[in-house]
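Asks: Chain residues, written in single-letter form:
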Amino acid sequence: MHVTATFTDIYVAVSQFYGRQVQLLDSSRFEEYAQTFTADGEFQHTPGIPPARTHAGIVEELRRFNTRFDNDPVQRRHIFSMLNLSAWKDGAIDATFYALVLTTRPGVKQPVVGPSCLVRDVLVIEDGEVKNRSRQVEHDHMFSLV
Amino acid sequence: MHVTATFTDIYVAVSQFYGRQVQLLDSSRFEEYAQTFTADGEFQHTPGIPPARTHAGIVEELRRFNTRFDNDPVQRRHIFSMLNLSAWKDGAIDATFYALVLTTRPGVKQPVVGPSCLVRDVLVIEDGEVKNRSRQVEHDHMFSLV
Amino acid sequence: MHVTATFTDIYVAVSQFYGRQVQLLDSSRFEEYAQTFTADGEFQHTPGIPPARTHAGIVEELRRFNTRFDNDPVQRRHIFSMLNLSAWKDGAIDATFYALVLTTRPGVKQPVVGPSCLVRDVLVIEDGEVKNRSRQVEHDHMFSLV
Chain A
1 MHVTATFTDI YVAVSQFYGR QVQLLDSSRF EEYAQTFTAD GEFQHTPGIP PARTHAGIVE
61 ELRRFNTRFD NDPVQRRHIF SMLNLSAWKD GAIDATFYAL VLTTRPGVKQ PVVGPSCLVR
121 DVLVIEDGEV KNRSRQVEHD HMFSLV
Chain B
1 MHVTATFTDI YVAVSQFYGR QVQLLDSSRF EEYAQTFTAD GEFQHTPGIP PARTHAGIVE
61 ELRRFNTRFD NDPVQRRHIF SMLNLSAWKD GAIDATFYAL VLTTRPGVKQ PVVGPSCLVR
121 DVLVIEDGEV KNRSRQVEHD HMFSLV
Chain C
1 MHVTATFTDI YVAVSQFYGR QVQLLDSSRF EEYAQTFTAD GEFQHTPGIP PARTHAGIVE
61 ELRRFNTRFD NDPVQRRHIF SMLNLSAWKD GAIDATFYAL VLTTRPGVKQ PVVGPSCLVR
121 DVLVIEDGEV KNRSRQVEHD HMFSLV
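Just so you know, the protein sequences line up as chains A, B and C, in that order.
Everything in the first sequence is counted per UniProt numbering, starting at 1 for the first residue and increasing by one.
Everything in the second sequence is counted per UniProt numbering, starting at 1 for the first residue and increasing by one.
Everything in the third sequence is counted per UniProt numbering, starting at 1 for the first residue and increasing by one.
Rather than coming from a laboratory, the hints here were simulated on the basis of the structure.
Careful: at least some of the hints might be erroneous.
Claimed, not checked - Restraint-style ranges between C-beta atoms, simulated for each label pair: (1) C:Glu-60 with A:Ala-92: 31 to 37 angstroms; (2) C:Gly-107 with A:Ala-56: 23 to 29 angstroms; (3) B:Ser-86 with C:Val-124: 32 to 38 angstroms; (4) B:Asn-66 with C:Glu-60: 46 to 52 angstroms; (5) A:Glu-138 with B:Glu-60: 54 to 60 angstroms; (6) B:Ala-92 with C:Gly-107: 48 to 54 angstroms; (7) B:Thr-54 with C:Gly-48: 30 to 36 angstroms; (8) B:Val-108 with C:Ala-39: 31 to 37 angstroms; (9) B:Ile-49 with C:Pro-50: 23 to 29 angstroms.
To be verified - Using 35 angstroms as the maximum straight-line C-alpha spacing, the simulated DSBU-like pairs for lysine-lysine come out as follows: (10) B:Lys-131 with C:Lys-131; (11) B:Lys-131 with C:Lys-89; (12) A:Lys-131 with A:Lys-89; (13) A:Lys-131 with C:Lys-131; (14) A:Lys-89 with C:Lys-131; (15) B:Lys-131 with B:Lys-89; (16) B:Lys-89 with C:Lys-131; (17) B:Lys-109 with A:Lys-131.
Being a predicted model, the structure only gives us computed values, none of them experimental.
For every residue, glycine included, the Cβ atom is placed at its ideal position computed from N, Cα and C.
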């Protein structure tokens, strides 16, 4: 993305970035998913657990997380929606959006729906490509009643 | 949006508008949600009930509607999809899209899914910003069998 | 779309194309849906069944498929998401995305959710308009355990 990139260009580049990134994740291509983060990127997808850091750390966290499916084959899908690019400062973009997780098991047409999440990303443009500097996921069923 | 705005610019501006608008709604920031409508905006989200009008009227209707959750804390999410900008006349845009409502309760990972809706918006550009002139929501489970 | 169309323009044109196309499908406007394919277009939406070909063939396949709802009135919705335009060669675009089917019955607020699908489209630009040259749908619940 050049210096002259417009809001329109950025919004579309981010949409395309998420389309590709999510399909990598749901195909268990964790190394390539990790590469969508900056080298010092932070990825926090489970509330209460400290964020994974660096590409190697993100891959390790995804492998650990997915061991739960070792004897329970599933096709997961993450549906991101309602993308809101809410700030642009020092070359970083705050992106806030919804994520809905679907989990399908072989032979069962209806996926398990949930959790529903709110995701807060910080994105940067590195050498013309969108990258995640950080991702923080909040789960809707863990909201505070205070 | 200038006079020279392209279809691409408009489509993205509308997508960003909905991302922000929905997050305001689902955060119960009803005053800010109402401000996404024009001063004389119309908001009709329950079939058979006349539309709310003006910012104050929209806030009042949302407060009334949400009293059902007073003793039943929930996190609601509205997922808009399949945006179709189908007409552009006298500066107004017809936007038609799907809306799926998700309702999550504390400690329950699976949201209640539904209703599924068809939304018909009329949008205008005021001082360079997208605004709702009107919104009309049809619920899929109330469709006519005629 | 002119020769000078940017990636941004294409991504938005494809998004708008899908918004309109899906609303035609879900309104049972099968002739108009078929017209969103090229004259020799291929449409394969049920694994194991050979693709329908040509506009007439696509209409016939959709009529055949939908006879299952003859005595079971429903409002179907297809939610496409996570659009990834992954290649551009000889004027054709590979588009990969998720599709989630929702089926609502009269008086029942919660739709039946599923199947969840992966869709592989080949798109072309004909006379400035996006068209499907082919569509291939994979169902998540039929994934191979090999």
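Asks: Run every hint past the structure and note whether it holds.
Replies: How the hints compare with the structure:
{"no.": "1", "hint": "C:Glu-60 with A:Ala-92: 31 to 37 angstroms", "result": "violated (53 angstroms)"}
{"no.": "2", "hint": "C:Gly-107 with A:Ala-56: 23 to 29 angstroms", "result": "violated (53 angstroms)"}
{"no.": "3", "hint": "B:Ser-86 with C:Val-124: 32 to 38 angstroms", "result": "violated (23 angstroms)"}
{"no.": "4", "hint": "B:Asn-66 with C:Glu-60: 46 to 52 angstroms", "result": "holds (48 angstroms)"}
{"no.": "5", "hint": "A:Glu-138 with B:Glu-60: 54 to 60 angstroms", "result": "violated (30 angstroms)"}
{"no.": "6", "hint": "B:Ala-92 with C:Gly-107: 48 to 54 angstroms", "result": "violated (34 angstroms)"}
{"no.": "7", "hint": "B:Thr-54 with C:Gly-48: 30 to 36 angstroms", "result": "violated (56 angstroms)"}
{"no.": "8", "hint": "B:Val-108 with C:Ala-39: 31 to 37 angstroms", "result": "violated (50 angstroms)"}
{"no.": "9", "hint": "B:Ile-49 with C:Pro-50: 23 to 29 angstroms", "result": "violated (49 angstroms)"}
{"no.": "10", "hint": "B:Lys-131 with C:Lys-131", "result": "holds (31 angstroms)"}
{"no.": "11", "hint": "B:Lys-131 with C:Lys-89", "result": "violated (39 angstroms)"}
{"no.": "12", "hint": "A:Lys-131 with A:Lys-89", "result": "holds (15 angstroms)"}
{"no.": "13", "hint": "A:Lys-131 with C:Lys-131", "result": "holds (31 angstroms)"}
{"no.": "14", "hint": "A:Lys-89 with C:Lys-131", "result": "violated (39 angstroms)"}
{"no.": "15", "hint": "B:Lys-131 with B:Lys-89", "result": "holds (15 angstroms)"}
{"no.": "16", "hint": "B:Lys-89 with C:Lys-131", "result": "holds (25 angstroms)"}
{"no.": "17", "hint": "B:Lys-109 with A:Lys-131", "result": "holds (29 angstroms)"}
In the structure shown, a violation is registered for the earlier hints numbered 1, 2, 3, 5, 6, 7, 8, 9, 11 and 14, in ascending order.
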